[in-house]
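Protein chains in written order, with numbering that gives the first Met the number 0: chain A, 0 to 369; chain B, 0 to 151; chain C, 0 to 186.
Everything labelled a hint here was simulated from the structure, so no lab data went into it. Watch out, some of these pointers could steer you wrong.
[What the hints assert, rightly or not] Calculated cross-link-like contacts (lysine to aspartate or glutamate; reagent style EDC-like; alpha-carbon spacing at most 20 Å):
#1 B:LYS40 <-> A:GLU139
#2 A:LYS53 <-> C:ASP165
#3 B:LYS40 <-> A:GLU140
#4 A:LYS201 <-> B:ASP12
#5 C:LYS67 <-> A:GLU212
#6 A:LYS293 <-> B:GLU109
#7 C:LYS85 <-> A:GLU190
#8 B:LYS138 <-> B:GLU59
#9 B:LYS90 <-> B:GLU59
The structure displayed is predicted, hence computed values, not measured ones.
One-letter residues, chain by chain:
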Amino acid sequence: MPDATFLDSTELVLNMGPQHPSTHGVLRVILKLDGEKVLGTDCVIGYLHRGVEKIAENRTYVQFNPYVDRMDYVAAVSNSLGYCLAVEKLINVEAPPRAQTVRVILTELNRIASHLLWLGTHALDIGALTPVFYCFREREEILKIFENYCGARLTTHAFRIGGLQYELYEGFEQEVKAFCDMFLPKVAEYEELLTNNRIWVKRLQNIGILTAEECKQYGVTGPVLRAAGVRWDLRKAQPYCGYEKYDFLIPTRQNGDTYDRYLVRMEEMRQSVRIIRQAVEGIPDGPAIAKVPKVLKPPMGEAYVSIEAPKGELGYYIVSDGSTQPYRVRVRPPSFVNLQALDRMVRGALIADVVAVIGTLDIVLGEVDR
Amino acid sequence: MIRAFLKRVFLVDLFEGLRVTFRNQKPKYIYTEQYPAQRPKVAERYRGAPRLNLNPETGEPLCIGCNLCALACPESLIVMTSIRDEKTKRKTMNTFLFDTSRCMFCGLCEEACPSDALELTQDFELATYTREGQIWDRKMMEEGPKPTRYKC
Amino acid sequence: MAEEKPLPPKPAPPKPPATMAVIPWQAELAARLKDRFGDRISELSSYLGQNFAIAQPEAIVEILEWLKSEGDFDYLVDITAVDWPKKPDRFELVYILYSFSRNERVRVKASIPEGFRPQSAAGVHLTANWLEREVFDMFGIEFSGHPDLRRILMPEDWQGYPLRKDYPILQQDEHWVHENVGIESGQ
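Just need the whole structure built from these sequences, with the hints factored in.
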């Protein structure tokens with residue numbers, strides 16, 4: 000019989016991040032380990048805290064708009080859309096149909112761009128080097144459309160309260176259609192590279208399982224929730240921007256593991272292309288921006304508006320005290336809430352799985368820390 | 000069962016992946032930009048270095064000194080003073096300071112400008128050797144940045 | 000403000016000129032809430048089509064529990080607070096709930112004075128853990144019974160609560176910045 004003290008292992012505390020390449024930014028995770036097994040985690044966040052909510056209280060409604068782009072900087076258009084919708088709700092203005100359609104096109108393009116960045120970096124974390132180049136190549140096409148449309152690639156500031164600032168440029172429709180035609184075969188290409196790849200499957204299947212019940216407990220939304228089998232998408236549940244007009248499916252899977260989340264996001268990209276194709280066919284004519292007073296003074300009140308961002312439910316809770324500046328802006332960031340489930344997902348797993356799980360959560364630290 | 004075994008032995012999934020990789024190896028798929036030698040063409044609406052436009056006919060500044068850009072700026076980085084022209088009784092811009100180090104190129108100042116004087120141009124090379132160099136005065140705003148052009 | 004009715008023993012504050020134009024929330028759920036909690040819910044209103052209940056701070060966790068089991072509001076979207084320094088009850092806690100089966104949102108709000116320690120909701124919804132930590136970090140509201148109440152976004156030994164209204168935007172913990180960053184000021 001071997002000596003019991005020989006087998007007795009001590010807990011090891013390992014610090015991962017904030018400069019670790021697979022933490023997708025400046026996330027620091029303190030891991031409690033027993034050998035290679037994770038006993039517990041503690042996330043240290045806030046390295047990118049810029050106090051967006053405090054800034055909002057010191058800016059006018061219009062001036063705060065560019066700041067929201069800097070929270071989830073890979074999906075800036077979604078952030079901007081959520082904020083504009085929330086303020087529009089407060090002042091009781093609805094964007095004209097043309098603006099709504101263009102908003103849908105741009106946010107869906109942004110969803111694809113966000114998922115592409117996720118796919119590339121996630122595959123890179125797992126050890127697949129090739130997809131990141133292909134993903135960035137396709138993402139570049141989307142960024143070119145953004146640049147042509149509004150002059151910026153990442154922090155777009157594309158939407159204004161009440162509609163759009165910029166008219167569509169000549170050839171927008173053709174470029175978007177050409178992108179859709181080009182992109183669909185590319186998704187199949189990524190799937191060819193990864194879906195049946197033995198290493199990919201072994202590294203992802205049954206890793207970081209989060210059941211539907213746990214998802215609801217932790218408030219986890221977005222593809223993570225859908226991979227656990229809950230058919231819930233705010234675009235369908237509480238449609239905004241005319242999403243009810245478009246025919247698309249909400250992809251779901253049953254297992255709730257990392258592999259399922261990968262499949263859900265791949266299918267979501269296809270569905271986004273489907274929405275874009277429908278939207279770009281019928282961009283209505285008309286004004287691009289509703290009549291909004293130059294000095295925006297929403298009446299005293301409050302509103303919570305949320306949209307389906309690529310990462311999950313992105314909500315804005317704005318309190319107005321009747322002045323030109325918001326009294327309080329609260330951002331409900333999907334990444335922040337989703338990250339909380341990390342501890343539950345990696346407990347009992349191996350260190351290498353932590354990397355996979357952080358990747359699959361698709362967090363953007365700019366949004367976690369705000 | 001045997002199928003799966005053979006697939007595993009002959010590394011089928013590996014070769015499937017390699018097929019995709021080789022499909023993308025054509026020499027015509029080259030995306031590298033030879034940046035300093037060939038400058039990329041940015042979009043027409045690109046929001047880059049700010050510029051104060053002059054009237055092309057008279058060479059007079061278009062700016063009417065209304066201060067709207069400074070009010071619109073979320074970062075309050077524009078500081079301008081204006082004086083009243085004794086002859087024409089019009090307000091004219093006197094000094095203009097634009098702190099590009101704090102600018103996030105949101106374009107709100109450009110939108111606020113009633114006379115198309117302030118414009119965010121397609122220049123994107125804004126690096127300077129000092130922090131103070133990032134603060135542009137009126138002369139710099141009218142002339143625009145002069146980045147080094149490399150001959151390659 | 001209309002939804003800011005103080006607790007009964009306190010004198011009524013002078014009504015500010017502008018108020019939130021709320022309409023009563025009339026639904027089956029509202030009636031059931033009123034039945035169940037009676038006085039502990041002071042107002043059930045709706046603004047811009049969004050329903051909210053104003054409750055006594057002591058009853059919040061009980062209401063969340065009841066809404067979860069009876070009303071099927073199984074997803075706690077967000078916890079946040081709003082600072083109203085001029086009101087007798089300085090902070091307003093806001094809980095945003097969503098029900099997957101009803102596809103409905105409801106907000107539960109409560110006003111608390113400074114120093115009041117509301118009960119933590121982490122026992123009802125696990126997601127409240129980090130959300131309450133953030134509220135503590137930003138407003139200094141301590142939740143009693145919270146499993147792990149530490150600062151989350153700001154450094155652990157930071158002094159002051161940034162989202163309070165008496166914390167100007169340029170203010171910072173000079174001592175902390177000096178000690179840890181080695182510069183005089185962050186601006």
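Status of the hints after comparison with the structure:
1. Restraint check: the Cα-Cα separation between LYS40 of chain B and GLU139 of chain A comes to about 14 Å, which is no more than 20 Å; the hinted pair holds.
2. Among the hinted pairs, LYS53 of chain A with ASP165 of chain C is consistent with the structure: their alpha-carbon atoms are about 12 Å apart, no more than 20 Å.
3. With a C-alpha separation of about 15 Å, the suggested pair LYS40 of chain B and GLU140 of chain A falls inside the 20 Å cut-off, and the hint holds.
4. For the given pair, LYS201 of chain A sits about 13 Å from ASP12 of chain B by alpha-carbon distance, which is consistent with the 20 Å threshold.
5. Our distance criterion of 20 Å between C-alpha atoms is met by LYS67 of chain C and GLU212 of chain A, whose separation comes to about 13 Å.
6. Between LYS293 of chain A and GLU109 of chain B the CA atoms are separated by roughly 15 Å; this keeps the pair inside 20 Å, and the hint holds.
7. Of the supplied pair hints, the one linking LYS85 of chain C and GLU190 of chain A is violated, its CA atoms being roughly 58 Å apart against a limit of 20 Å.
8. With a CA separation close to 13 Å, the supplied pair LYS138 of chain B and GLU59 of chain B stays within the 20 Å bound.
9. Among the hinted pairs, LYS90 of chain B with GLU59 of chain B is consistent with the structure: their alpha-carbon atoms are about 13 Å apart, no more than 20 Å.
The structure is inconsistent with hint 7 alone, although it conforms to all the rest.
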